[in-house]
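Fit chain B with the ligands to the supplied structure of chain A, relying on the hints for placement.
Heads up: the protein sequence lines correspond to chains A and B, in order.
Each number in this note's numbering comes from the position in the first sequence (counting from 1) with 11 added on.
Each number in this note's numbering comes from the position in the second sequence (counting from 1) with 11 added on.
The hints are simulated quantities; they were obtained by calculation from the structure and are not laboratory data.
Hints are supplied without guarantee of correctness; some may be wrong.
To be verified - Below, computed lysine-lysine pairings styled on DSSO-like, alpha-carbon distance capped at 27 Å:
hint, chain 1, residue 1, chain 2, residue 2
1, A, K117, B, K31
2, A, K117, B, K149
3, A, K118, B, K274
4, A, K283, B, K31
Predicted, not measured: the structure shown is a model, and the values here were computed from it.
Residue strings, one per chain:
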Amino acid sequence: METQAFAEKGLRSALSTHTRPPRSSPLSASLIFWWRAMLKIKHIPEQMFDVTASPIMFLLMFTYLFGGALAGSTGEYLQFVLPGILVMTVAFITIYTGLGINSDIKKGIFDRFRSLPIWQPAFLVGALLGDTVRYTIASVVVVVLGLIMGFRPDGGAVGVLLSVLLLLVFSFSLSWVWIALGLVMRTPESLMAVSMIILFPLTFVSNVFVSPETMPVWLEALVDVNPITYLVTAIRGLMFDTTVAKEIGWVLLTCALLVTVFSPLTMYLYRKKR
Amino acid sequence: MKRHSALAIESHELVKHFGKVRAVDGINLAVPTGGVYGFLGPNGAGKTTTIRMLATLLRPDSGTARVFGHEIVREANAVRSRVSLTGQFASVDEDLTGTENLVLLARLLGYSRSQARARAIELLEAFDLVDAARRQVKTYSGGMRRRIDIAASIIVTPDLLFLDEPTSELDPYSRNQVWDIVRTLVTEGTTVLLTTQHLEEADQLADRIAVIDHGRIVAEGTSGELKASVGSGTLHIRLRNPDHRPQAEQLLTLNLGVPVFLKSDPAELSAHISEPERVTDLLSELSRSDIPVISFSFGQPSLDEVFLTLTGHHATADENKGAV
Ligand SMILES: Nc1ncnc2c1ncn2[C@@H]1O[C@H](COP(=O)(O)OP(=O)(O)O)[C@@H](O)[C@H]1O
Ligand SMILES: [Mg+2]
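One chain only, chain A, in its complex shape (with noise of 0.2 Å):
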């Protein structure tokens, strides 16, 4: 039969490879899904358009919409808005890791990857690393846009690599949670609407499009401890080179707080699947 000639023509060669080539190390494994998710974005350049599309929309509609009522003119607006809506940008594209991960389980890829003899946290931490991967280019689009409508950060180059590398730790930190919300909702649909609900109200009651004071006193409040604050401002320092060592600080705890306790989580829920 045909088929029989099909089969026989390298088939059998193609089988005599029982020895196993030495198993791969976490770094390694890590590197490889990391590399993963870089063919992704080559395949898939439309998951990048929402990566850049919102930034420059947000960015376009505030500075010249509101700004004018906002702050009295579009140029200082834009001094004020710039790191507010990169805060936000970036914030909203840590959903995708959840989401990836969310849709790798149900498409059965995941079973996959269990499978293997491999350090088995590399799936996700490959994934993590490639998500920073769209953050900066977030970042870059925000700020090279910015730039261009005349962002004039005083902080300079320092400045802003400063505060994007803040950032990218804030997101990182933050991806744990939708990581573990991935591995505990059925759909990508639920997980969406979930990660919405949280990260509408943390945006927005914050200080990413105005200053707190103009608010009533509860919703001060309220804003005043919203971590998304204490790293809007942060950041606004950096850019801006003014002294903000506490509000720093204040992130780089939450950062820690977010990990030890979303990371165990998440490992925990991992192992759990089986």
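Coordinates of chain B with the ligands only, in the frame set by chain A:
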């Protein structure tokens, strides 16, 4: 002890619940090393759940299992380094190309960059996928999908390969290709555990078959043994007049003392017969009672009949339900 080491899989009272559903309800297995072992059962029988437990993806609620002597929960990594799984659904990344998928998995298994690439090319050639190597898997046809799925499972040729419904929804040509791959794997020393809803497939490929229904093994053996357990043969009778069927049924039941099956055709009925010499008596009995027979046949029971006898419903009951 010696006997144990020859077993690829050994399980004792494996149980898995999902909420109130007892997906797997006490499975005992002794799968010998070498050859193809078939899980035959309808949709929802618990085949996938059993395989997922054996491949260390799911923790049993109770019971134990060993794969090549390694306990599946405590020695999960040892099991993982001997087995490979081709799931029922997508088990490669649809967004990546064929080559990228194989290189990705080969790298994870510990091959260097150049070794991984060489191995990917070798497998793509062996599985007749060279032309599609640079295309995203989501553009593949069903048969190509299945081949890349299996190729991805044998980057390091496993000692035990789980194939979960490898040919469902394939055209006959692609199905034959998959069968050839399975047979070649077996000659190269891999033990294959294959699940199927199709009796023909189990009959064609499997050395031994476990018939699974509602999370339990209802029969186990070679296909010959299973058929024999139902009786040495089956008599099919077609009557001239469908109105005579109740009468004929009564007559057959009385004479044979075994259940008679009514076919969907109102003029047909069949029965399992352990003493072939009685067939002629029966036929003359029918003609004496003025029940004209148009045709009859007597032969080995099909696995479908085996299934019907063992479980009381057709192997493809679910599909029939959907069709009605
Ligand atoms: N993850 C799950 N959650 C809830 N129920 C499940 C899950 N997986 C399987 N089941 C149920 O367990 C039973 C057995 O399913 P499965 O092992 O997939 O059967 P098969 O592979 O033989 O078709 C079915 O009733 C199915 O609905
Ligand atoms: Mg199944």
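To see whether the hints hold, each was checked on the structure:
no., hint, result
1, A:K117 to B:K31, "22 Å, holds"
2, A:K117 to B:K149, "16 Å, holds"
3, A:K118 to B:K274, "40 Å, violated"
4, A:K283 to B:K31, "19 Å, holds"
Hint violations for this structure: number 3 only, all remaining hints satisfied.
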